[in-house]
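Top line first, the protein sequences correspond to chains A and B. Residues 1 to 161 (the UniProt record's numbering) make up the first sequence, in order. Residues 1 to 398 (the UniProt record's numbering) make up the second sequence, in order.
Hints were generated in silico from the structure; no laboratory data involved. These numbers come from a predicted model, not from an experiment. Glycine included, each C-beta is placed from N, C-alpha and C at the ideal position. Watch out, some of these pointers could steer you wrong.
As the list claims (entries may be wrong) - Label pairs and their in silico Cβ distance ranges:
#	chain 1	residue 1	chain 2	residue 2	range
1	A	Arg79	B	Gly253	43 to 49 Å
2	A	Phe20	B	Leu197	31 to 37 Å
3	A	Gly124	B	Lys221	34 to 40 Å
4	A	Gly124	B	Pro265	32 to 38 Å
5	B	Leu94	A	Val16	24 to 30 Å
6	B	Val164	A	Val16	25 to 31 Å
7	B	Ala80	A	Ser129	52 to 58 Å
8	A	Gly124	B	Leu269	40 to 46 Å
What the hints assert, rightly or not - From the derived model, a few chain B residues whose C-beta atoms are all more than 12 Å from chain A:
#	residue
9	Ala25
10	Arg27
11	Val110
12	Ala118
13	Val172
14	Arg204
15	Phe270
Unchecked claim - Computed from the model, here is a short list of chain B residues facing chain A with C-beta under 8 Å:
#	residue
16	Ala79
17	Glu81
18	Thr84
19	Gly85
20	Asp139
21	Asn145
22	Glu147
23	Pro149
24	Leu152
25	Ile318
26	Gly319
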Amino acid sequence: MGAVNVEVTPLPGIGVRKDFALRGGRRVGVVTHRDGKIELIVSHEDDPDACLAEIGLSADEAAALANLLGAPQLVAQLREEHAELPGIHTRQIPVGPPFDGRTLGDTALRTRTGVSVVAVMRAGQVHPSPGPDFTLTAGDLMVTVGTTEGLDDAVAILKKG
Amino acid sequence: MEESALHLLELGAVFFVLGLLGRLAGRIGLSPIPLYLVGGLAFGNGGIVPLGGIEEFTTLAGEVGVVLLLLLLGLEYSAAELVTGLKRSWTAGLLDIVLNAAPGVAVALVLGWGPVGALVLGGVTYISSSGIIAKVLGDLGRLGNRETPVVLSILVFEDLVMAVYLPILTAVLIGVSLVGGLTAVGVSVAVLAVVLLVALRYGRYVSALVDSPDREVFLLKVLGLALLVAGFAQAMQVSAAVGAFLLGIAISGSTAENATKLLEPLRDLFAAVFFVVFGLNTDPSTIPAMLGWAVVLAVSTTVTKIATGWWAARRQGIGPLGRARAGAALVARGEFSIVIAGLAVSYAAVDDRLAALATTYVLLMAVIGPVAARVVEPVARRVLSPARRPAVAPTAGT
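Just chain A, same shape as in the assembly (with noise of 0.2 Å):
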């Protein structure tokens, strides 16, 4: 984890502007009102002070995409810890409708497939070792480690129920 330096700039009477610089000198964050609304911000290219876009997101999508930038490092660090197992992979599977509101327990994946949940998800947020009465959400990433087949069953599992 390098050290990535988030300003935080109240913007008065809208909200606040929190961004940061890229490696390359750009710059991303988010602007977020304060009735809740996120605005996703990237700089242009040729003038750093200005927006080359400003996407307006339901805090659906910014979860989502949340979860799109953040579960993928999880992974490939948990994959580096279980390089030397052979046989044992990981895995971000979603949770699917099914599961909606009811636990982790529920899943019985543990019982069904051999597969082990390490964390949860949610909101680029991660809840590590979730208990069996964790309650899932249409939509969280959960980050998997078990067998091929194994792994397999538990995304069938989790999609239809």
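Assemble the complex: chain A is given as a structure, and chain B must be docked to it using the hints.
Showing chain B alone in chain A's frame:
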């Protein structure tokens, strides 16, 4: 009975026409304020369709409009934002006052309107329209730009200046002595300081006083308290508008957000009436004589606002393009210029032509402002980097 039918018809016609004008403004991407003013001119004395009998209602409704305009302005900012804004931008804020009030003061003196007229017109040309500017910045997708906080903090500073300026203006318009005027200033600065302190420390209690889960109760409590505070402030000769502004600052957090959502449509309605009333009280026949001066003011204060924004942005290390954008964004004048001119007109303490000049000036600036904000980027690109011109593709839509 007959009379009330006529009044309803008149009022209905006014609102309906304003609605049509507002829609037209939206279509061509303009602020509706100039069109409301034109509507007022058309309805008023010497206009196309003179209205009679509803002045009492429209005048009061216009006053409520000013209270709501300032209340929502106060709600927009938290006390903490105001204090940091003040700390961060006071040098740019002072430059803003000097550069942008000067043209108004000079023209008023040349026209022989005396120190009172100069104080009024200086205020009219100084104050930017935070409503128009915030909308334009959002529309043009510039909220994430690095110069935008600079623009916003100048607006915050201007609004705080209003809280001190309006009581002074009220005192001067009533015609109090120098000592009385200084007392008004002292009182308003002290009240402002106390309100900021109370809002920072105990804002949640003020919020709790008006907050309610029931929309209806909440609306009545907020509106009632705002009018009570405004009336009390007016009775103390500190200006009703400032009372409402300070109440808005004191209300904070989620209460402020909910109040804003609830009051916005009401503000739009009453503020529209206020602009119409101002237009009504302006004699259209005096406008041609003032047109030349209005253009002089429009040109000079466009330049001075751009200079202000440029300077302020440069101090924050913004590049030349961003400086130009910050300057052009600040150009728009609107609702608060009319509030100031309206205050002066209501006390009948200034030359009649001032209303015509202020109307024409705001008509010009409310149109020039958003246009300037839009065209500044291509123009600045061309002016600032002629050598790089072929390499820079014109960005679509900006």
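Evaluated hints:
no.: 1; hint: A/Arg79 <-> B/Gly253: 43 to 49 Å; verdict: 44 Å, holds
no.: 2; hint: A/Phe20 <-> B/Leu197: 31 to 37 Å; verdict: 35 Å, holds
no.: 3; hint: A/Gly124 <-> B/Lys221: 34 to 40 Å; verdict: 38 Å, holds
no.: 4; hint: A/Gly124 <-> B/Pro265: 32 to 38 Å; verdict: 35 Å, holds
no.: 5; hint: B/Leu94 <-> A/Val16: 24 to 30 Å; verdict: 27 Å, holds
no.: 6; hint: B/Val164 <-> A/Val16: 25 to 31 Å; verdict: 28 Å, holds
no.: 7; hint: B/Ala80 <-> A/Ser129: 52 to 58 Å; verdict: 38 Å, violated
no.: 8; hint: A/Gly124 <-> B/Leu269: 40 to 46 Å; verdict: 41 Å, holds
no.: 9; hint: Ala25; verdict: 22 Å, holds
no.: 10; hint: Arg27; verdict: 22 Å, holds
no.: 11; hint: Val110; verdict: 36 Å, holds
no.: 12; hint: Ala118; verdict: 30 Å, holds
no.: 13; hint: Val172; verdict: 29 Å, holds
no.: 14; hint: Arg204; verdict: 17 Å, holds
no.: 15; hint: Phe270; verdict: 21 Å, holds
no.: 16; hint: Ala79; verdict: 11 Å, violated
no.: 17; hint: Glu81; verdict: 4 Å, holds
no.: 18; hint: Thr84; verdict: 7 Å, holds
no.: 19; hint: Gly85; verdict: 6 Å, holds
no.: 20; hint: Asp139; verdict: 11 Å, violated
no.: 21; hint: Asn145; verdict: 5 Å, holds
no.: 22; hint: Glu147; verdict: 6 Å, holds
no.: 23; hint: Pro149; verdict: 5 Å, holds
no.: 24; hint: Leu152; verdict: 5 Å, holds
no.: 25; hint: Ile318; verdict: 5 Å, holds
no.: 26; hint: Gly319; verdict: 5 Å, holds
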